[in-house]
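Fit chain B to the given chain A structure using the hints.
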Amino acid sequence: MTADSVQGRSHPIPRQRKPAKIFHWVNIISLLLMMTSGLQIYNANPVFGGRNGIPFPPIFLLGGWLAGGRHWHFAAMWLFALNLLWYGVYILMTRRWRHRFISGKDVKALQRTQNQKRRNYAWHRLAYTAIIPILLLAIFTGLGMYKPAQFHWIVDCFGSWQALRIVHFATVPLVVIYAVIHSWLSLKVGGSRLVESMFW
Amino acid sequence: MHQFSSRRRFLELSGLSSMSLLLGGCALSLVEGVVGKTFEPLNQNVESLLFNPQKLIPEFPESDIEPNAFIINTYKFTPIIDPLTFRLVVDGEVNNPLSLSIAEIQQLPHQTMTIRHVCVEGWAAIVQWGGVRLCDLVALAHPKSDVRFVYFESADGYYESWDLASAVHPQTLLADQKNGQPLPIENGAPLRLASPIKLGYKQSKWVTRITLVNQLRRSKGYWEDQGYEWYAGL
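Protein chains in written order, with the UniProt record's numbering: chain A, 1 to 200; chain B, 1 to 234.
Hints are not guaranteed to be accurate.
Below, computed lysine-lysine pairings styled on DSS-like, alpha-carbon distance capped at 30 angstroms [as the list claims (entries may be wrong)]:
(1) Lys-220(B) to Lys-55(B)
(2) Lys-37(B) to Lys-147(A)
(3) Lys-220(B) to Lys-147(A)
(4) Lys-188(A) to Lys-18(A)
(5) Lys-105(A) to Lys-188(A)
(6) Lys-147(A) to Lys-55(B)
(7) Lys-117(A) to Lys-18(A)
(8) Lys-18(A) to Lys-105(A)
(9) Lys-220(B) to Lys-76(B)
What the hints contain is simulated information worked out from the structure, not anything from laboratory work.
Chain A extracted, bound-state conformation (with noise of 0.2 angstroms):
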C-alpha cells in the first residue's frame, strides 16, 4: 500500500473491517475495565511505597473497594486476552499482519524519504507495532501475579516480585501514552474521517 492509495483518491472514505471495529472496541472497553479496577487493586498497596504510598483518586477506580476491583479485572482479564488472541489469529490467517504492521520499508522511509505523509504512516505503523507487546507484557506479567505458584518462572523472569509488580504497573502509562500518540498520528494521517472509520 503506497501513501496515495491512503489518500484514497478512488475511495474518499476510509472503510475499516468489521473485525477489525469490533476488535478496536472491545480493546479500549477491556482496557479501561483493566485499568480502572486494576488501580482499585493497586490503591490497596500501592506499588510505589507500599501503606505509606499515594493511592489514585476515586474517579480512576472501578469495583469500590479490593475484592470488588479484583472480581472486576479478573472477569475483563477474559474480555482483553481473548480479544487479543482471535485478532493475533484474524490478522495471521488473513495476512494482514504483512502490511499492518512495521516493514523494512517504513524503517527506511523513516530514514531517506522526505515525504512527511510517508514518514507519518511509517510512524504510525511503528506505534501499533509497538502497542502489541506492551498489550502481551501485560498479560505475561498479569499471569505471573495471579499464579505465582504454577507459574513461578515468570517472577524470575523479572529477578524479584516488586520488579515484577513494576513492570505490570507500567503497562498502564505506556497504553495511555500510546493511545495519545496513537489518535493524534490518525489524525495526522487520515484526518477525522480515519479516525472516525475505525469506530462506525
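Below, chain B alone, put in the same frame as chain A:
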C-alpha cells in the same frame, strides 16, 4: 432557535450526566456482584485445573528470606493462648476425631519450607515456615471417603474453608515456626496455616479446630462472606 436548542441540549445532557452519576454508584455495585458471581466459578475452574495437588512448589534458599517484608494483618485482636492447656480439635466427617496437645502434635514429622507468602493486597514476602503437614493430621483422623472441604476455626473467631486437595497438599503446613524461630504470637502462635498455594487470607492464624465436611456451609470464610473469592489459589 439554535440557541434555544443548544440550551435544551445542555440541560438534557447535564440532567443525564448527574442522573448517571447518581445511578452509576448504585448500578456499579450491583454489577460488581454480578461480575463476581458470573466469573468466579469460571476462574475457579481454571485455577483448580491448573493446580496439581501432587506438584511441589519450588522453594527458595534461606538467604532469600525477607524478614522485614512480611506485614501483619490482624482481623480483630490477638488472642492469648496458653500452650500448656491448648488443644487442637480435628472433627467432622472423620472416623477418628482428635483432640491433640502441642506435645502430641510435635510428635508428628516436622518440616520446614521457604516459600513466597502472597497477600491479596499485592505485596509478597519470602518466609520460612516450620510445622507439621496438614495431610498427616488429616490422615490420623481417618476422614470418610466423601470429605471434600476443610473448615478452620481460630481462637479470635476468624474462620476459613479450603478444598480438600489444597488442604492435603504436601506444602500445606500447620506451622509453629517462622524464619527458624518459634512462631510469634502476632503471627498466629501456637499454630497457623502456611502454604505456597493460597493467598494470605486463606492462611488462618491461631487455629484451634479443623473440621472435615462434605459440603460447604453458607459461611465460607471471614473475607469470603464479605465478597472475596473463595478458592484464592496461587
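Now for the hints, and whether the structure bears them out:
1. Lys-220(B) to Lys-55(B): holds (26 angstroms)
2. Lys-37(B) to Lys-147(A): holds (21 angstroms)
3. Lys-220(B) to Lys-147(A): holds (22 angstroms)
4. Lys-188(A) to Lys-18(A): Holds, at roughly 23 angstroms.
5. Lys-105(A) to Lys-188(A): Holds - the C-alpha atoms of Lys-188(A) and Lys-105(A) are around 20 angstroms apart, at most 30 angstroms.
6. Lys-147(A) to Lys-55(B): holds (14 angstroms)
7. Lys-117(A) to Lys-18(A): The hint holds at about 26 angstroms.
8. Lys-18(A) to Lys-105(A): Satisfied, since the Cα-Cα distance of roughly 27 angstroms is no more than 30 angstroms.
9. Lys-220(B) to Lys-76(B): holds (18 angstroms)
Checked against the numbered hints above, the structure breaks none of them.
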